[in-house]
Amino acid sequence: MHPFTFSRTTDPATAIAAHAQDPYLAFIAGGTDLIGLMKDHAALPERLLDISGLPAMARIEALPDGGLRIGALARMSDVAADVEVRRRFPVIAESLLFAASGQLRNMASMGGNIMQRTRCTYFRDEDDLPCNKRRPGSGCAALYGLNRLHAIFGWSDDCVATNPSDVAVAFAALDANVIVQGPRGERSITFTEFHRLPGNTPERDNVLERGDLIISIEIPPRIEGRASYYLKLRDRQSYEFALVSAAAAVAMDGRRIRSARVAMGGVAHKPWRLTAAEAALPGVSLDDIEALKAAIATSFIDARPLAHNGFKVELGQRVALRALQVAGGRA
Amino acid sequence: MNTIGQPVSRVDGRLKVTGGARYTADIPIEGVVHAAIVHSTIANGRTVSIHTMAAENAPGVLAVFTHRNMPRMNPTPKPWSHLHPHGQSYLPLQDEQIHYAGQPIALVVAHTLDQAIYAGRLIKVNYEIHPAVVFGPHTTKEAVQPPRFLWPVASLVGDAEKGIATAAVKIEQTYTTADRHHNPMEPHATIAAWEPDGTLTLYDTTQHIFGTRELVSMVLGIPQEKINVIAQFLGGGFGCKGYVWPHTLLAALAAKVLNRPVQVQLTRAQLYSMVGHQPATVQTIALGATRDGKLTGIRHDSISPTAVFDNYIEYAALCPRSLWAAGEGIWTNHKIVHVNRNTPTALRAPHEAVGHFALESAMDELAYATGIDPVELRLLNDTEIDPDTGRPFSTRALRKCLTEGAARFGWNKRTPEPRSMREGRYLVGQGMAGAIYTHWRWPAKARVTVRADGSALVEAGTHDLGTGTYTVMQQVAADTLGLPLEKVTVRIGDTRLPKSHASIGSATLANAGASIMLAAKAIRDKAIQLAMTGRDALFADAARDDVIVSDGRLVFAKKNLDITYSELLARNDLSSLTGDGDYDPAAEGPKATFSFSAVFAEVHVDPEFGLVRLNRFVGAYDCGRIINPKTARSQAIGGITWGIGQALLEKSETDPAMGRFLNRNYSGYLVPTSADIPELDVLFVGDFDEEASPIGVKGLGELTSVSVAPAIANAVYHATGTRIRHLPIMVEDLL
Ligand SMILES: Cc1cc2nc3c(=O)[nH]c(=O)nc-3n(C[C@H](O)[C@H](O)[C@H](O)COP(=O)(O)OP(=O)(O)OC[C@H]3O[C@@H](n4cnc5c(N)ncnc54)[C@H](O)[C@@H]3O)c2cc1C
Ligand code: SF4
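If you're matching them up, the sequences are chains P and S in order. Just so you know, we're using the numbering used here here: the first sequence kicks off at 1 and counts up by one. Just so you know, we're using the numbering used here here: the second sequence kicks off at 1001 and counts up by one.
Just chain S, with the same shape it has in the complex (with noise of 0.2 Å):
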């Protein structure tokens, strides 16, 4: 049977909700002291003493580093950017400079945990303080031009000042978006252990233990071959686990130095300052239309703040690069703000979920202005070239998306006057939102094993996030090999295996899932190869093709043979067949290859209270083969979840003296809870792309959450008649 396409559960759901997938920070390892980190309180300045004595002398303390013992760090290449596996260029503990508020400043190892964050109040720093730079409006004014980080900074294709210019319908207006914190269920942890000769096993929260070990390997000086990764189960990432941070490093050094394993943990505040953030944008948007509403052209520049120390860029006017057409052209540029915080870093749906706010938006206030239908706008502009490259896209259903979106919304019942539709005491609201997301191809290798018993082991450094990997990953083994899913175990999460890539930018499956569908077809040849002709061939006058496998067996359906793979590797004498996957393609191939989306809100406000709560979304997905529907909609419905946050509750707020973000816990931080959150509604609407991945793939756990936050603010617009180019939307801009 194929699995593929069918809803299989999660491999690991019983073993994760009977606790017996361990999660980092739960791994026993003999022997092993813990470490809390200090850090500071001020935002800029230095640290003049650091009195560590008390500390020292508290109950259970071992080891007390700050930037006088520490030893010294390798610096990581310059320039520095995210293709490097490295958080910030900023390395803890090597000297006194203070750049943001809760940056590490010591760290203090103990017997228990308890002990050692209790060791760490006992610290007391002087400090020398110098005003805190934040970002804001004052700021803003002093963006500078960043060099190159992931795409260009800047593009121009065509005219677009022209096509503004000359527009009969113009639109220029700035919208911005709030920093945000990741907050997965499972704080950072990293447990460091050495082995005597000389070996470092690192059980880490990762999503790219590859990652991980290159980097610990240039900041230590060791070889990538002594370090093992090991990052099995993860309770969430969102992006905040996708490069190395400081505690993983402060982790393997003082290892080092004491000689034992140390356990490294993060306390839910310290999240705040020292795994990344996504930073808030200012956004302005210029689109220029004929009055039937063909774009003539687009503008869209963005500012972010960033440390004081890299230049992380939020690509937030990525978007309008290849999403729609525009007749003279499109410009897009982006600047940063050096300010007194960490780096931030990708958060789901990094560049695309910011700037699509603006531009979504845009074009919602565009359709207005001409009158036309925000769906048809968008049917209207609708490309089949990537306007950026010139190149075709490999699938773009964006179309469909739109049409069988609207269908299912019930859009033709809206009635598109602001405040028109009620129920009850309630304005209610409907809008709408497209997207793009970048598809990432990335080398990814795997192996596979079929053992005498018929049954096989799939090895590959992937990561399961929490997304389902070990499911979608035993289904494409299981289909490729002709085995039943209970045949197949999954290892992930250790660099012992096969390399992998980060699991970042919703590529695992299309990547990570390539090779192994690439190990598992290098097997079943082997086997079809040795039933053809190997010992007594038993399928001698068969033809390659003539030969499937199905249910454990290799079948020549014309002569009504078949055998086993255990029977033929017993016939052969042979313990296993090992199948290799490399999966090595171009960064790009000649087409451009997307994921798209169309997305649906509705809303009710309550007018006398300025209360906007979502009633009920459909998401049409256009991210090709679905090879699972029940994890893929547990990934849109997470993702819509997500944006739901973005657009109404999300918010790291700064406190405008101390330069620090404040609310640094679940109760402050906002996410919505299941009383938010009304049904969802989800299609799948793409077909097979093979430019995306060989096994048909596109990208969806980061698309789900992008434009969420557009489509209900065009809803809240279309309730209320006020436009919010702002988030998150609160009660008081509504009132």
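Just chain P, same shape as in the assembly (with noise of 0.2 Å):
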């Protein structure tokens, strides 16, 4: 491992101030995936800054009008076994239960979980291997190497990575609020504005700046909350990212779909909402599967598949639909 010194601080100015001031100083939160990259040099940051002791940012609160407060550092099991969380927005529970292991859950923080980098095995790679990400200009191995578990939306030349969160995928579905506080204050950004496409700049997973600290992620609330369900499609039972992921919400009449949201991972450099299906859904019925995956189709025009992951323009579009019955079952 490069070097480093660690400190802890327990008080969000001084620790806006110090990583506003010093690109080579890092937060470390529950460090499960920050260790990870610093021991496969992806990472060299040359001091990490604790904010695991910063106040009041662990709590999970249900807010009086329906929507939710979760704290940067609020644990991902405490956020996935909180009574409100489940019952309020299941899908946020289950896309955190569906992720990583136990033990991991119990270290991990929601603010480092939303900022994980990808799982590209060129980016995670002991060795430099090409890859933008990484080492900008260096060039993007994946594009033409082995990209089975990369983007088949918005990818670039540049890079075409996914990213590996769940619950991100659960935020922008259901339009959470990143709430940031930055050197020149608060601010809210829109969750689906949260990550970026990579575009020539791939080392930028994400619109922060220097010295953001990410305060909580807020949860308005939604008519769709409750029916809504996340689907994890993996290449093994549990301990792994997702191949591609839906996480759907939907607000019913009777039986016909009165509006959706549908967010999918797996898919793109960040969580992928797909608008034109959410614009075709209403008023589908939930037994119609052909208008069903008509109306999902819409979302997959623009679909452009790499050497190796074509399989995830039709599996997308299956689980998707899959998720949609179940959320739409939940209603």
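Just so you know, these hints were derived from the structure itself, not from any lab. Wrong hints could be hidden among the right ones.
Once the Cα atoms are required to be at most 30 Å apart in a straight line, the calculated DSSO-like pairs of lysine-lysine come out as [unchecked claim]:
1. P:K39 - S:K1335
2. S:K1591 - S:K1162
3. S:K1078 - S:K1335
4. S:K1141 - P:K39
5. S:K1591 - S:K1294
6. S:K1016 - S:K1630
7. S:K1558 - S:K1526
8. S:K1591 - S:K1521
9. S:K1651 - P:K39
On a predicted model such as this, the values are computed, not experimentally measured, just so you know.
Two independent chains are provided; combine them into the complex using the hints.
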């Protein structure tokens, strides 16, 4: 490992200032992603600032309006087990329970989760391989290399990686807000705008700037919240990232969909909202499989598979369909 | 009480779960310094320059070795083969050539491992890069016939081509398997410590302490008597600790140059390029059969990749030589392709687990082509004579495996039509396969000592890979001596103990176990002799066979007399009794000796998603007599799990341009988790096989991972009607 120093802080302002001034400083919360990246030399911070002692950031609050506020330091396991989270937004609890392992979820924070970096094998290799995300300008080995686990939407020639977070897919579907405090004060970022597409700066996963500290994630009340479901498909039964996943939330009029929210994981550099499908779904009966499929297909017209992930185009649509059916069944 | 046949729990279990068992890298050695290997990032070419200055000046660094300053090593014997304990013939840090990605190019020694790894990162290398040659469709065309490596490369009995050409029913298909890595929990490590008198002690993660000694002796040019190798606990081996790899040689030499103990530990990623792997195979099988399912001919050809400098053969086409009878004849052959990778090596169920996928998949295709039930088809083609050598089998309970396994599984409830069984949204598939496994007979020595207090010490230079060697050896010695288990202590894993063989090929219990039984027997006989003829001979009027040993005593039941070992020793003024066991079997006996199995899998397939989940599994095994049903079952469920990985998950992928293995960690290289493993049902149906071993056992550990993959692939066909002829079976294969 690259040598580094370690310190703790209990003051958000100090944390923000330190991070803003020092490009070689990194926040560390649970450390479950950052330490792995450091061992693989995919992250080389010289100073770690432990933020896990910051006050009041581990709370999970059920807001009176039906929404939720989840502190950035709340543990994945605590959020997954929270009664109000499970009642109001089952999709959040499920996406967490299908992620990582029990031990990791006990360590991992929600802020760290949405900040976790891609699992692209080239990016994470112990050696420095051509990877624009790791070393801008070095090329993208995955573009013509092995890319079964890579993107089918929104990629660029500079990077074809996917975002690995499960709960981010649920947050994207629910239009959650990321509450951030930075050197210039607090702001709220719509979840679908939090992560970026790679473009020609794939080294930037999201829109945060130096000095930005995630305080919480807020989920506004959603009529689709309760009838929501997270479906994760993976090569093995547990302890594995999604091949393709879908977060679906629906409001129903009888058997007909009144409104639907669908986002997918494992298909793009960010959680991928099926905007076109969401526009086509209202009015469709849950029993009309063909109409459901047709609505979903509208979001896959612009899929651009790579050499080894063509199957994700069909699989993605099937996963979205099943997620919608199960979510609808919960209404 | 007899402990053999009892489900005795592991003697070292408590030690392991409480951290009391010391694994190699955890052994504290006074004054030890740590070394990290720097490896090449290209697959083919040479290093033009290696800049080590920054590393040399880094905190804690004591030395940096490259080919320029590493002392020369003596080459190992040619032709290279696994008969020598050398994993690969290429020696590290001897020249500037690069033959594979991840090849050692420098060794950094520092006070701590972290310092060494960090300094290694500071080394800058300029390469002359040549295109990487990788294994694939374009290179399989260049496959060549290799020299013999273990068994004959090709075999022909009878006229296989005629049997196929004239057959009423013919199957001819190509099956492929993936590159796989062993991934033991414990990464490889060596600690090398030289004594002032020139003795070298190596603490080494090895399944073959005497092999390490032999090879290090050759390469360093020092006599074997000057080398001790110690390996008392291993965190898994699966074959990648069966031979000597570069890190052990580097540790020994660096310690010599620096004149202080050096510890080398591989990183997880380095396990993917420094300690072998199982090579991918492309296998073509042709089966000819009569309409009523009698095989008339088998042809099995296999191609696998190897390093540019070694002729490793994955003997995938070994299994059809002796598994089924084929009227007209059997032809098998192997070819290899030299590519830029390190030398492959044995990986749990080498040769067989790979080859059976092709053979037993083809047998399933034949079952469908002839309309004969897959179990019935195998019963029809069972044989009492080894087709390869014409010898009878010593024991072959394959019929019992097939019939008892089928009964336990409930095979008769299966409807053969593909897609005919369902449960909710899942397609249900049931598949099976048979298997044969080579049994090895190797020389082994052991010593047993009974001490004045009536306890016994067993000493043998064998190994416990985590398999339960300590426990079963204790049982063998205790029963032979008539001692309670807790009176017997077992010492293994040290070359100062009597010489034993490599713990590979599932051969440890049969051979090392035999030597321990013989040593214990020698003591028992001496003790009985003493009781009959020694001082104040208590059993003076006994005939030899009148005396039995039990519960720490020699018993002359007819006269109602008995004496404990300690009383006997005291009476004869002896402080101990020692017996030597020298088991020296001929490599081949008059009979053909193999282990056998029949395994049965049920899968659930979600047809929408192409997801295959194993729902239940039954394995019926003939591995001779079972010494300990508990450790045997543990081996079996571990082996089945290993096979499930082969069937559904494991694949070391090579980047086509860079020619390097990717996913070099547990996160990217998927092995099964508990959630992937259903209830596994294990039956042992074998009998005492005295040709296999004087203690009646045949190999078990590897057998249990054989044919899991074809049973699952056959079940997938039954569930879906889609025949998958490659491993692993992935979601996209079934969409
Ligand atoms: C083996 C393995 C399997 C996994 N499987 C899954 C899976 O299936 N699904 C899934 O979703 N995840 C999975 N994960 C990822 C896991 O969920 C993340 O590692 C974890 O959520 C990160 O949280 P942390 O608190 O440990 O973050 P850390 O490692 O401490 O930090 C990660 C990053 O976030 C930054 N950061 C942390 N908190 C803040 C904050 N408040 N403001 C600004 N920046 C911050 C850090 O600076 C760092 O860059 C897996 C991880 C492992 C190791
Ligand atoms: S896909 Fe992105 S992360 Fe992966 S190698 Fe290319 S640039 Fe790097």
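Indices of hints not satisfied (ascending):
Per hint list: 1 and 4 violated.
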